[in-house]
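Q: Spelled out from the first residue to the last, the chains are:
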Amino acid sequence: MLATTTHVLRIHPEKCTGCLRCELACSYMQTGTFQPAKSVIRVSPFEGHTSYAPYTCTQCAEGWCMTACPVGAITINAAGAKDVLDDTCVGCKLCTIACPYGTMFYDPDTRKAFKCNLCGGAPACAEACPTAAITYEATATADWLGEFARERTARVLAGAR
Amino acid sequence: MTTAIVQAQSRTTTPSPARELPGGYAGKLLRVDLTKKKCWAEPWSADEMRELLGGVGLGAMILYRETATKGGRGNVSWDHPDNRLILATGPMAGLPAWGSSGLTVVTIGAGTNGPTSTQANGFFGTNLKYSGYDAIVIQGQSRDWVYLYINDDAVELRDAKFLVGKDTWATQDALGPQLGLSGHMLSVYSIGPAGENLVRFAAIQGDYGHVASKNGCGAVMGKKKLKAVAIVRGTKSLRAADPRGLVQAADDIGFDLRTDPSAKSLYEYGTLPGVVNLSRLGALPIKNYTTNVPPVDMSQWEAPKLREGFDHRGHQCSACGMHHCHMSVIRKGEHKGTIVDEPEYEGWSGAGWAIGAMSDIDGVAWLNTELDRACLDVNEFGWICGWVMECQEKGYLTEAQVGFRLTWGDIKGAARLIQMISHRQGFGNVLAEGVKRAAEKLGSPAKDCAIYTEKGAAPRGHDHRARWDEMLDTCTSGTGTLESGVPVHPAEIGQPTRINTFDGEAVAKFIAGIRGRRNFEDSLGMCIFTTRTRLENLCRVLNAATGWDVTVPDTVRFGRRTAAILRAASLRCGLTPDLERPSTRYGSTPVDGPAKGQAVGEQWEKMVDTWYREVGYDRKTGKPLPATLKALGLDWLAKDLWGKRASRR
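As you go down the protein sequences, you meet chains R and Y in turn.
By my numbering, the letter at position 52 of the first sequence is numbered 52, and the numbering carries on one by one without gaps.
By my numbering, the letter at position 406 of the second sequence is numbered 1406, and the numbering carries on one by one without gaps.
Honestly, I wouldn't trust all of these hints.
What the hints assert, rightly or not - Subject to a maximum C-alpha distance of 25 angstroms in a straight line, what follows is the list of computed DSS-like cross-link-like pairs (lysine-lysine):
(1) Lys-15/R - Lys-1305/Y
(2) Lys-1264/Y - Lys-15/R
(3) Lys-1336/Y - Lys-15/R
Source of the hints: derived by calculation from the structure; they are not laboratory data.
None of these values were measured; they are calculated from a predicted model.
Let's have the full structure, built from the sequences with the hints guiding it.
A: Here it is as structure tokens:
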């Protein structure tokens, strides 16, 4: 676990209304057009369409995608995000298999892998979210998901909602 | 640092659209012939897009062109195979402006047997646009029940036997798993039992709680034996002429909605504050217009209270930041744990106040969703159910006639009535014909208690005896519901910001003066609540998307052109000016409350005369005058309506 201060995308699922504005903004940054199918943040429904939550790359400390890439096409950019170098990527999809979170994507049109690169330090999804369900925050650790999971598990086990 | 945009462009391999295709458009209409079981894509030109925009603008033109009979003098009826069911979206759908997934249904409706324009939202517009279509135009009639499946270029009419009899929510529940899709990956608009059984006020419901409800559009879908339209979120891209400008204009509209006094409460609570606010004006319809004095403590109906009363979950439409649409989970009572759509104001009114259910808030919320599930228009149901309750109370209808005793505020009884109507069982078969036809069948004195327009439309969920602008609009409209109201920033188009609401002449001038704006809004593919900003902003967002130079006067002109086309189609359907009046009860004088003694009936004729003069239509025949049409650039329509006389008048 990294102990340095960094910026991460923090998800507040209880605030998400499922409007998918983040997907629109993301696809615009990723492709220059509005095409949510190419968004690297995805909103999923829960509990019979009554709850939604966005989900994207947590920029995990392990960096499984980087480890798996046989051609070194995944680097860490200035914002601290794992980023795919299009010119180097050969489209072998190993990273999509290696990623345990399902946040590496493959674009059949370009035959390249693609993922969240934190928009180079100004994530469009956080900017676009009307309810602040996605925020871009400074945090002491890159692995906020672990804490989130621990805290939620503790709450669920304690019987609270 | 890698900039995302550069990467993005290197990945853009979607073939660039034809050079002339304006941004925001998919460029194709999806045509479906149910008789021949054929589906095909039809391109439409950039000129047509500029002229018709989308939504009701596009729908009205298709309806006018394609539903005529007798050499253009008559019109096919709602149940004819040649009737068109147009499910249109608009240029803003799929783009980041708030609430931009608008669906406009245009058809010859079963209520008035005349044109309809009725809106819903959810994710219909985005899913359709990303699939590559701006609208679906459905014609013909299927022999067996089918549903339309759209997944990019794969468009199929599929067997819907397994869906028949299912309510609208159950239909979506069944289609999702079958197609292996969840959430907004699949948008489903469908009809429930009421649509299948051709109830004349059946609606089309979609995406759990969004309803295109007016004028029996659900019956048209039922007649065509089309159970549902299921659209997978497509994979195609939408371009904007000026994407940064678009995002900026969309954000400015969002700011306006959050902060402007005319939109702020909508932003925070949707239409919930309507109950208390309208009760203060005497415009909350209580017990079928028999009183305007709420007999209960109104503090329980304050918006924050209503929202606190349920376990609330946001259920916003595409790209929307409003705190408007919600799912609620009922916390207590008989329906504890049931997931319902948070009722709109219209739901609290139609499934609550109009039928005398004024305290059982959980019950009303449940009943409202039962109506959505059956696919009945909540407004007309309110007038029907309230009318039956009043008639039973007064002895105009017997228990034997109805089949059971129905008293004010009886939620269970109302739910029973929903089933009777939507399956056309017993007396439900009479009521399924809509409030006007049912009232006429029974005759006076029951008829005199019923709320409807002589055209056969039912008003929205207000007491229009305290909102004359909406009564006049409902009666003269070419859509079977409001066509010009509600006013938003009227000063922007040269109208007064405030008028005496009980001065018939001022009301008529005002409603004629704001005419056009609404039809423009309903052509954009946005929601009527997220267009509650200045027209200037709507022009900005539209121009940034398309690359056009639409101005505020253009928007009004556009809307009035659409209204004139709808009016011409209405006349062709036989909806003549003599039908433009309220029923006895609808046009009566309130006996108590804030609008007590304000007699709309006394000023009615003068109001209609003034309205005709102001909009430039002929009072006798109802036709838009040749000069009016020519000023709108509709010379061809002047020729259609007036023949050779067009040039002489």
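Q: All hints are to be evaluated individually against the structure, with a verdict given for each.
A: A quick look at each hint next to the structure:
1. Lys-15/R - Lys-1305/Y: The hint holds at about 20 angstroms.
2. Lys-1264/Y - Lys-15/R: Holds: Lys-1264/Y and Lys-15/R sit about 20 angstroms apart, inside 25 angstroms.
3. Lys-1336/Y - Lys-15/R: holds (24 angstroms)
Every hint from the earlier list agrees with this structure, and none is contradicted.
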